[in-house]
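Chains as they are written, first to last, in the numbering used here: chain A, 1150 to 1344; chain B, 11 to 167.
Treat the hints loosely; a few may be bogus.
[Said to hold, decoys possible] Here chain A is said to cover these stretches of chain B; the calculated rule only asks that three of the stretch's residues, wherever they fall, bring their Cβ under 8 Å from a Cβ of chain A:
#1 18–24
#2 44–58
#3 68–75
#4 157–163
[What the hints assert, rightly or not] Lysine-lysine pairs mimicking DSS-like chemistry, simulated, CA-CA at most 25 Å apart:
#5 K57/B x K1220/A
#6 K1220/A x K1330/A
#7 K1320/A x K1330/A
#8 K144/B x K1341/A
#9 K1341/A x K1243/A
#10 K1220/A x K1341/A
#11 K144/B x K1220/A
#12 K57/B x K1190/A
#13 K57/B x K34/B
#14 K25/B x K1220/A
#15 K1190/A x K1330/A
#16 K144/B x K25/B
#17 K1220/A x K1190/A
#18 K1295/A x K1320/A
#19 K144/B x K1243/A
#20 K1243/A x K1190/A
Please keep in mind that the hints were generated in silico from the structure rather than gathered at the bench. Glycine included, every Cβ here is placed at the ideal spot set by N, Cα and C.
The chain contents come next:
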Amino acid sequence: MSFINWASREINCKIVYYGPGLGGKTTNLQHIYDNTNPEAKGRMISLETETERTLFFDFLPLSLGEIRGFKTRFHLYTVPGQVFYDASRKLILKGVDGIVFVADSQVERLDANLESWENLEDNLSSQGYDFETIPKVIQYNKRDVKNAVELAYLRRALNPNLLPDFEAVAKDGDGVLPTLKSVAKQVLIHLKRNQ
Amino acid sequence: MSVLILLENDAARLKNLCTGLLEKTCSQAVLLIDRDGQLLTWSGLLKDFDVVSLASLTAGNMAATDGLAHLLGESSFGSIFHQGDRESIFISNVGRRVFVVVIFNERSSIALVRLRLDETLPGLLEIVDDILRKSSQSDLSSVGITDHEIETLLGED
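Please build the complete structure, drawing on both the sequences and the hints.
Here's what the structure looks like:
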């Protein structure tokens, strides 16, 4: 849920990075954290297992500039991608304003991508969100791997509605910031138009 | 998508109550946070303290606690207490959308925090309900942002 604070002149929004396990959601946030000016970001928090898999969520507060004297602040969260953490995913989706779906381009992860996408739809719908209209961006990550599925095939499978989408190699930072800016822009436009 | 809008006078009213609670409980900090992890206001000595991270983590904590409550057939547990060697945290619902966090040390006690919070909660709840009612009637148009300004801020490089 967006939060407009007139006292501190801030517009705060929540963006959740969703997708299958080991797809690169945390890597996206880590790249953003590593490549943002200190004054524009807060501390990055990772609640992870001993094997560095996301247990509950990662969190990164980020400022993307000002509009009309209002700071635009985005709270970036990731969900745990592993199938059995569904209860945690539902909790983290509460109050979400925009979604980045991080798909894994490896051919053996195609089913996991589709399963995660369906899980996203179920979890958003169960919380009263209109899945069709909530701002969403798809990122095809790991485009550098040898067994990457053809982009056209991935698009047909995951993006029949032609949502904004981006190719990425998150570990190198490719495509990470354009993905973020796209979803942030959609969130603000959606917020403006749906009041 | 719903929006929470905090106007300046409501922020001041909340801050006054938080400051009063801070003084009456001899605590170190009092924070009001919405369940999505947004910090509404806070009062107290939090020099170099990361209030944004605290807001996010306590919201996650409350969300997980709600999940536990539902598993046991409860609608909510209402409050959480974390006791440390020096610092402790007490978290309590202020209605369904907001919770209050009190951080205190050996200068205070859980009993005092609970007592003073019980006295303050009705006033907090009244203001929070007022904010939620106003939020449902307000919109982003009061900020006056245009599509062009959004495009300028976040458009393609």
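Which hint numbers does the structure go against, in order from smallest to largest? No hint contradicted; all consistent.
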